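Use the sequences and the hints to build the structure in full.
Read off the chains here:
Protein chains: 2
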Amino acid sequence: MERPIVMRGTTSLYPARPADTSVPIHEPLALRWSPRRLDASATVSPRELRALLEAARWAPSSGNEQPWRFLVIPREHPRRSELEDTLAPGNAWAKRAAVLIATLAKGTRAKNNEPNRWAEHDTGIATACLIVQAAAIGLVAHPMGGFDAGALARSFGVPDEYTPMAVVAVGRYDPALHDPKLEEREAKPRTRKPLREIAFLGSFGDPVPD
Amino acid sequence: MERPIVMRGTTSLYPARPADTSVPIHEPLALRWSPRRLDASATVSPRELRALLEAARWAPSSGNEQPWRFLVIPREHPRRSELEDTLAPGNAWAKRAAVLIATLAKGTRAKNNEPNRWAEHDTGIATACLIVQAAAIGLVAHPMGGFDAGALARSFGVPDEYTPMAVVAVGRYDPALHDPKLEEREAKPRTRKPLREIAFLGSFGDPVPD
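One line per chain: the protein sequences are G and V, in this order.
With this note's numbering, the residue at position 79 of the first sequence is 79, and numbering never jumps.
With this note's numbering, the residue at position 94 of the second sequence is 94, and numbering never jumps.
Honestly, the hints are just simulated from the structure, not real lab data.
Bear in mind that the values here come from a model prediction, so they are computed numbers and not experimental data.
The reader is advised that the hints may include incorrect statements.
A pair counts as met if it fits within one copy or between any two copies, since identical chains are not told apart.
To be verified - Under the rule of at most 25 Å between Cα atoms (straight-line distance), these lysine to any residue pairs were calculated in the SDA-like manner:
#1 Lys95 x Arg79
#2 Lys111 x Ala176
#3 Lys111 x Leu177
#4 Lys193 x Arg50
#5 Lys181 x Ser45
#6 Lys188 x Thr43
This is how it looks when you write it as structure tokens:
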């Protein structure tokens with residue numbers, strides 16, 4: 001039986017599957033995960049959506065280039081189905097999201113059109129800020145790589161110098177949604193590599209001490 | 001005169017330069033910025049450092065590939081100067097950081113050695129989680145792109161399939177540090193593109209409504 005918890009500053013429910021960390025971490029980071037059982041009728045308010053975009057907007061970037069762009073498609077938008085059609089079959093659950101947000105990385109710098117080697121990296125930073133903001137107000141924000149980037153760019157007039165990186169499903173969790181496959185996925189423990197495989201001290205491959 | 005504030009859960013001081021947002025956002029995201037006036041003698045505890053790494057470890061990634069790696073070099077480490085030597089002259093201030101963390105993106109997937117097009121993006125996501133964790137406990141975490149990635153890779157034995165993305169200066173703010181150039185930079189307002197230039201509704205270039 002999942003234990004629902006109330007995230008800070010909201011009445012939205014989010015099952016507790018906290019990250020298994022060796023020391024406590026900031027609550028929205030620990031409680032954030034990527035649910036798939038979204039409420040197909042719940043909405044996200046303009047103020048909530050704006051908070052997500054503002055969080056992304058104020059992210060740090062190389063040279064303050066701000067290479068990130070966000071293409072926002074709410075459920076009721078006339079072009080919503082065009083974005084949904086770009087999703088991989090395994091991401092069909094995301095059609096229930098109140099808002100889908102495609103993230104784009106501008107590959108060239110504004111001042112000289114030279115390649116910006118941090119374009120995708122910094123777009124990831126901004127997208128993480130959006131996701132943390134969502135977690136902090138009890139919204140689901142589930143980033144997906146499984147979509148047809150070319151089709152998305154063609155459908156929505158994305159210029160060549162921008163690379164679609166992710167589609168983020170934003171919405172509210174629906175604990176009453178019955179879907180055996182999704183429930184099975186959500187029942188599995190969340191996993192990550194041990195810290196010693198990703199964090200090194202002094203030289204590549206030498207693990208940080210426990 | 002800067003107004004020092006106390007961040008949640010810590011006694012560290014951090015001048016308040018909150019993001020100018022149209023709606024409130026989560027406090028660590030609003031208060032985070034990238035100071036340069038670091039305390040050259042202050043330390044970061046093993047527990048604090050571990051919290052930063054755990055926050056990054058639990059970030060989301062495409063296929064849960066977790067392409068991020070972190071090379072941690074505390075101030076007292078015998079190889080510290082090798083990392084400092086890779087910094088661009090404009091980042092000399094970062095030599096005062098208690099800990100320098102180089103971030104690396106693994107460009108290939110573990111299961112098949114195929115390129116992972118989200119490697120740099122997802123490393124940015126994990127790095128953002130590390131930065132948010134730092135902000136939440138009152139630590140500075142200032143990501144830098146200005147360093148010699150090739151020299152860093154050679155010095156620290158980084159394999160070819162990993163791309164150095166950033167060096168993050170982690171430490172504590174020193175409001176008493178006198179450095180006219182750094183003080184001048186910190187006195188300037190923080191700026192970002194307006195939301196209408198980065199967030200679009202329905203089609204690329206159509207701004208989200210105010």
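Hints and how they fare:
Taking CA atoms no more than 25 Å apart as the test, lysine 95 paired with arginine 79 passes inside one copy only; the shortest distance there is 13 Å, against 51 Å between copies. For the identical chains of this complex, lysine 111 and alanine 176 are neighbours neither inside a copy (51 Å) nor across copies (35 Å), given an alpha-carbon limit of 25 Å. In this homomeric assembly, lysine 111 and leucine 177 never come within 25 Å of each other (Cα to Cα): the closest approach is 49 Å inside a single copy and 33 Å across copies. For the identical chains of this complex, lysine 193 and arginine 50 are inter-copy neighbours only, at 15 Å across copies versus 34 Å inside a copy, given an alpha-carbon limit of 25 Å.
Taking the shortest alpha-carbon separations for lysine 181 and serine 45, neither the intra-copy value of 29 Å nor the inter-copy value of 43 Å comes in at or below 25 Å. In the homo-oligomer, the alpha carbons of lysine 188 and threonine 43 never lie at most 25 Å apart, since the shortest distance is 28 Å inside one protomer and 39 Å across protomers.
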